[in-house]
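Chemist: Residue strings, one per chain:
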Amino acid sequence: MDFLIFKAPMLMVQASLDGILLGILFALIAYGMALQWGVMNIINIAQGDLVILGGYIAYTMYLAGIHPAWGVIVSPIIMFFVGWALYKLVINKVVDRDLFISILATFGIAIVFQQLMNFIFGADVVVAQSEYGTTMLFDNSVTLPNSKIFSAFISVLYAIALVVYMKKSRLGRAIRATAQNARAAKILGVDTEKVYAATFGINAALCGIAGALISITLTLHPYVGLPYTVRSFMIVIVAGLGNLPAVAVSGMGLGLFEEFADYILGTEFRIGAVFMLLVFILVYRRFKLSKKREYLK
Amino acid sequence: MVKLKQKDLILYSGLIILGLAAPYLFSAFKVQLTYLCVLIVLAMTWNLQGGEMGYNTFGNILFYGLGMYLTASVQVGMFFPLAEWTESGGEKTFVHTTAQYFQGIGVGLLVSAIVPAIVAGAIGYAILGLRGHYFAICTLGLGIAAGEIAGGIEIIGAGQGFTTPPFPAEIVDTEARGKFFYFLSFALLVGTFIFVKYIYSSRFRLILNAIRDNEDKAEAMGIQTMKYKIVGWMCSAFFCGLAGGIMGGLIGYIDSTDVAFDGREMGVFMVLMAILGGKGTLWGPVIGATLFHFFKEGLWTLILGWQYVALGVLIVVIVVYFPEGLMGWLREKYPERFGEVIDEKDRKAQVELK
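These protein sequences, in sequence, are chains A and B. Quick note: the first sequence, position 31, residue 84 per this note's numbering, numbers continuous. Quick note: the second sequence, position 4, residue 873 per this note's numbering, numbers continuous.
These are calculated hints, taken from the structure and not from any lab test. Small disclaimer: the values here were computed from a predicted structure and weren't measured. It cannot be assumed that every hint is accurate.
Which bits of chain A does chain B cover? Going by a derived footprint, with three or more residues having C-beta under 8 angstroms, they are [to be verified]:
{"#": "1", "region": "132-138"}
{"#": "2", "region": "195-205"}
{"#": "3", "region": "279-287"}
{"#": "4", "region": "312-323"}
{"#": "5", "region": "334-348"}
Built from N, CA and C at the ideal position, the CB exists for glycine as well.
The task is simple: from the sequences and hints, build the whole structure.
Modeler: Dropping the structure here:
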């Protein structure tokens, strides 16, 4: 095998570190997806576009002369209201319906978002410069942008904050109760409509954080939302709903897979590899379950 | 064979005459009419999965794109080296003669019908074991992955695209190209319609409906559901591949993600058209595709730049407010016309129950 990555072991270290740091970010998006899937039983195809929108908010701040890292605070606040509005406009009409309806409806939302972002921010690939510099490891053979370390740190911080919030706060308990049994929660006086709106808002806020972090670590483009949706969907089906450690681990696993696929297959097949991995995971689980004469539910 | 009633006979012969006369009547819109035929074929074949079988696929675009690449590759590869053609403007150095062009496209279309059907059969067992939204997302991933992968393969033009052979220059009639592709797509449309109509009158459709309504029970009744699901998908793939092959020749340029595996446009269009018309009906996709096409072509130019926003809004509105489509709405309103007898007493009883 004459792949570069097998000749230079340092590249492996590089890819692994990159992959893990990236994976933590993916896990954050996936956590939002697991939340809304578990609570509202909808699959949001527009998830990735919410991420990109969050990223553009941070990028706008960068253009205005504010450091884009502040985006991790501003972006979720704005995105929470975007999510809330989206719920009130469309999502509340698809919550109790067939999952395919929610997939198609959010697909429509995704197209609208992509186009609006294309109009407002242009079709160029942009990046917000954080100017955090890079860390050199192992005799300068592994370079690690500090922005990636920062983004992983912020992701972990927000994830912990969210877990604590879900455990302790009144709204968090209401959300968990609704996820377990919406009808019973309703009978016991939980305003499920509000809970749903809040859940969707929190999910959008998580996307906002992730987007702001992506704007300084990776690149932004109006049409790259769908891969983030698929990544988070993949992480959720591997990890299961509401299992946060598993979400983190499979997020990192996906990050590792992507970085290695990038080196081995070439960058042009990176996104293709992500989508193929989705197909393989689903098919693998289908065969595993069909031995027990069951299917993915 | 299907026995036609006299009323139907008049309708069908009228439509066929209209179809044959259309390129002469609306000479300026031949390309649009070709698009319409292809859109109807895509909507009708999608309806076989999404409407009849209850498997909402986003993956039929895979066969469409595959057919497109296959037709063009075969048409070029039969006479000239494919790699040189795609590398740098081979269409300028190598010129198809008239005979070569038609031979090429004939064999190419044959391949583009058979290979996607085989592919559907090969991946069918793995993919069709998934159900509901997992199937939808999996096929969505499959379609996009195919686009991304095709965009990285050098021999079919990679990211810079693939120019399909130009129409032979020896034919001086400027109308000939448009007519050729129109009649090709019209023939495909007629073939697809007859096939789907035949399926609608057969036991096969009942089995597909049984799978849609309750797959476990269908299996318990002794139907080998997997076999029928795969055959159904292969039928769709066959016609989707042909549609893709014709489209590739008509457009004249194949790009991996924007023309061939165009999940963002064609892939969504076929779902939308079938739902708009009413899934699970014979005429629904036809009407849906026609309405959609007129709407699209009529409005696209008025709202230039905003068409995708309009498309997204349209998807949301149709899906949220009209999930049953036009035929479903008509059925609700005039059930007698669909051969449904309504027991007034029963209906009253049901109203009281509510």
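Chemist: None of the hints should be skipped; say for each whether it holds.
Modeler: Quick rundown of the hints versus the structure:
1. Here's how the region 132-138 of chain A fares: 0 of its residues keep a CB closer than 8 angstroms to some CB of chain B, so the rule of at least three is not met and the hint is violated.
2. Coverage of the region 195-205 of chain A by chain B is violated in this model, with 0 residues showing a Cβ closer than 8 angstroms to a Cβ of that chain against a need of three.
3. Under a criterion of three residues with beta carbons nearer than 8 angstroms to beta carbons of chain B, the stated coverage of the region 279-287 of chain A is upheld, 3 such residues being counted.
4. Counting residues of the region 312-323 of chain A whose C-beta lies closer than 8 angstroms to any C-beta of chain B gives 3; at least three are required, and the coverage claim holds.
5. Note: the region 334-348 of chain A has 6 residues with beta-carbon separation from chain B under 8 angstroms; the three-residue rule is met and the coverage holds.
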